[in-house]
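Protein chains in written order, with the working numbering: chain A, 150 to 450; chain B, 722 to 1063; chain C, 2 to 339.
Don't read these hints as lab results, they were simulated from the structure.
This structure is a prediction, so every number in the text was calculated from the model and none was measured.
No residue lacks a Cβ here, since even glycine has one placed at the ideal position from N, Cα and C.
Worth double-checking, as some hints may not be accurate.
Stated by the list, open to error - According to the in silico footprint, chain A covers these stretches of chain C (three or more CB under 8 Å from chain A):
1) 83-89
2) 270-284
3) 289-297
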Amino acid sequence: MSVEVKAADQSQAAHVTSRARKSVTALMFISANPVLVAGAVATIALLLMGLLAPIIAPYPPETVDFNAISLAPSPTHIFGTDSYGMDVFSRIIYAARIDMVVALSVVAISIIIGTPLGAIAGFFGGTIIDSVMMRFVDAVQAFPAFILAVMTVAILGQRVLDVVIVIAFLHFPSYLRLVRAKVLSARKSQYADAARCIGNGNLRLIFRHLLPNCIDPIFPQSSLNAGYAILLTAGLSFIGVGVRPPTPEWGAMINLGSQHMLTGEWWTSFFPGLAMIIAVLGFNLVSDGLQDLHDPTRRRR
Amino acid sequence: MTRPDAGGRRGTSRPILSIRDLHVHFFTESGRRAVVNGLSMDLQYGEMLGLVGEAGSGKSVVGLACLGLVRPPGEIMGGTIIYQGRDLLSLSSRDLRRIRGSHIALVPPNARAALHPMMRVGHQIAGVYRTHAGVGKAEARDKTLYMLDAVGIPDPTRRFHAYPHELSGGMAQRVAIAAALICSPKVLIADEPTTGLDVTIQAQILALMNSLIRETGTAALMLTRDLGIVAHYCQRVGVLYAGQLVETSDTNAFFAKSAHPYSQSLLNSIFSRRRGNTVKMLGAPPTFSELPTGCVCKARCPWATDICQTEAPTWRTMGPGQEVRCHWARRTAPVDKGNVET
Amino acid sequence: MALAQYAGRRLLSIIPVLFLITLITFFILRILPGNPVLLYVGGFADPSVIKSVTKLLGLDQPLYIQYLKYLNGLIHGDLGTSFYTGQPVVQDLRQRFPATVELTVLSMIVAVVFAIPLGIVSALRRNKPVDHGVRLVTTLGISMPEFWLGLLLIQVFFVHFHLVPAPIGRLDTVMSPPKTITGLYTIDSLLTLNGATFFSAVAHLILPVATLGFIFSAPIARQTRSAMMDALSSEPVRIARADGIRESTVILRYGLRQGLAPIVTIIGLVFSYLLGGDVLVEVVFAWPGLGQYAVLAIQHQDYSAVQGVVLLVTVTVVLVYLVIDVLYAVIDPRITYR
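Same shape as in the complex, but just chain A:
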């Protein structure tokens, strides 16, 4: 009996100890990587906010209420209302959906396009294939991104999908260049030679052996690009060529607020901007944090 009790105690103790150990490890990770954790928390919080919008938003986002026009922030409307009587706070929460969706889809699509192209360019570096590709990328990157985006969205349409396509097109060169640079040096490495020696053809060599080792720089860059995507989307909406009103979008809300700024109505523009800053900041901090992880001079006692 006592033996069984002891055994049960021991396993419970072990269970508690392993849980304690896990939380200590988690704490150590947080204190060692505060930037990464802060960014991740902000980003995830906003994502959740967007997902749970219907539940947490106090007011429906697109309902006009002419009795509540341009109210300053108050307990009933935490961030006030805009000139159509729509609650700013609720719209901000719903706007998170659009901007986050755009950001994540842009990143996904541009990585899928840019990475393999970059691998091919890097592998055939110095040859005609590489030269032609890089000239083309140079030309594309020289274009004034914003003007191009405005033009394309204005023509293609103002659905979320169109915005995503345009921004993804603008972003894929960055991944292409990053991967190309890594593959360029990796193709001369010893493990590449080894893989060749055992009979791997070029295609397999590029995609199965070289590429997995060259995708490191993609992660910080993708987080950075997610932030840029949000800024670009908001910018497009600000001048009226992005998402169509009354769909809540941070840039569009700032635009609406700017029209009434001179009468002192500051909250309509201010809070959406704050929300946007937090979102983009989150992504940027994650990017910084990821880069710090690879920093060899980090010191730990």
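Fit chains B and C to the given chain A structure using the hints.
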């Protein structure tokens, strides 16, 4: 090749550089590493002391410590380095800067990577001279040309304007030597100055350094893994293992009758013939987070016994100028110096 | 001389890029869905009207002929006529280019003057409070939408405190611009000794330059910090310190010099972005520059104008990159060495 018998007369004359109980620790992601553990050593006026050790034994760090250049993640945990009556480790950065390059100078390994890639070599050398001597451009240039000639660089006037990547490894190393010696320092720290060079160039560089140092009576600390260099140029030897000195000796005595098992294993690895001595130490030197109890060599030493595990050995004098730190130090069969390979 | 040869080679290599740009610019509008003719005449026009307008605009010709005509026009400095202003596009651009240049160049100067020293100090005092402060502010800077900041500054400094003039362009409404010498109001008014105009021009520049200057000092400061950290841990810097070189010399001549390349890169990138990307600031401050022109043109579906702006900005960007490439060779003598 003859060496003047300076002999390691410890305590008979005041050394120019005196290290006492130096401790340097490095704090990294993988924890704390005790890189230098209680090192004590003297460098006499005009002598060349070879500090021998494998990679990771802490040689370079000792050199950096003498220049006050130990930076995070490294940290000096204790000890003194006395130069001209002052403890270098307690000096202000301003005073240290005045000493560096002018009193104590460094010849780095792989000079081609150590020189400023975007500055002409002449300007780099002259810059060192101007900083310390406070002279004008013209005078610095003249002195630089003189030094370039002294280190054996042909056509110095043209080479003055060269960039480091336009020079060969050997030439770049000569430039580094010129920069180190231009202010006539009293102490020269040569950190593996022949790494990456062809064997013939190595010999030239070493001979050059040796003659220049002889001329000026500069004391030199030669940090190296190459016992051949020690044999040909150094008056005294210090053997470094895991951040500690395990043997200091007259070079003659070292090669004739080295007493420490680690020293013997080093010698065994390069000599073609050695009678009756088969001491070998396999593996790599250990890294500690703190000084262990007992002898630092206990893991690898074939002579290790119980006492080696628990008690750190003290210094024992084996002969004039030869001191060893081992419980079991003993004389070995003599070695014919003609077999030394460099 | 090696440098001149290098510059020559780079110059030659951008010619295909320039061609590619004219090609892309031309085709972008042609391949996107939608019939530009309909935009001119409206969706309900008579088929015969559509046909004649198509012929008039030369849009019935095969594409390659249209492209060659376009190129021909380019060589003769003809970028078409703006549908909206009625003027030749070239004239419109000539009027608006200086406004953007004035704003962009001043903002760049402000950004660089603040960013580089901050980046250096941050790298030197690594992980100390200064460094954390700079990192925080610059990370905030790259996360901030410039149009929001502009609006905020207007709100605070104009609406609330009345410290700056209304954001409605480059000068007070009652003033007329100085005689056009460079097109830059600040310089022109100085050259014509027109004090009142000068101060008005400067006053109107304060907020937009502050906005762009702050936002774009952030990436430059970050890159400077990163480049300096790398440079300061390099072997040459270590050896320079070992030689007893003065710390200020070590930081500038051994550190900054080695880290200059990525800093120059980011400055070039920012400048190129600004040329086309200050659109939003121009809209917020009603600044009559290229960006505002582009937005208006797009909103009015004036595609010749859009094409003209895009071409001008893109070619300028390519030239900026060319200058940067040559600058690299000047900074680092290893580049021209074969």
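Cross-check of the supplied hints:
no., hint, verdict
1, 83-89, "violated (count 0)"
2, 270-284, "holds (count 8)"
3, 289-297, "holds (count 3)"
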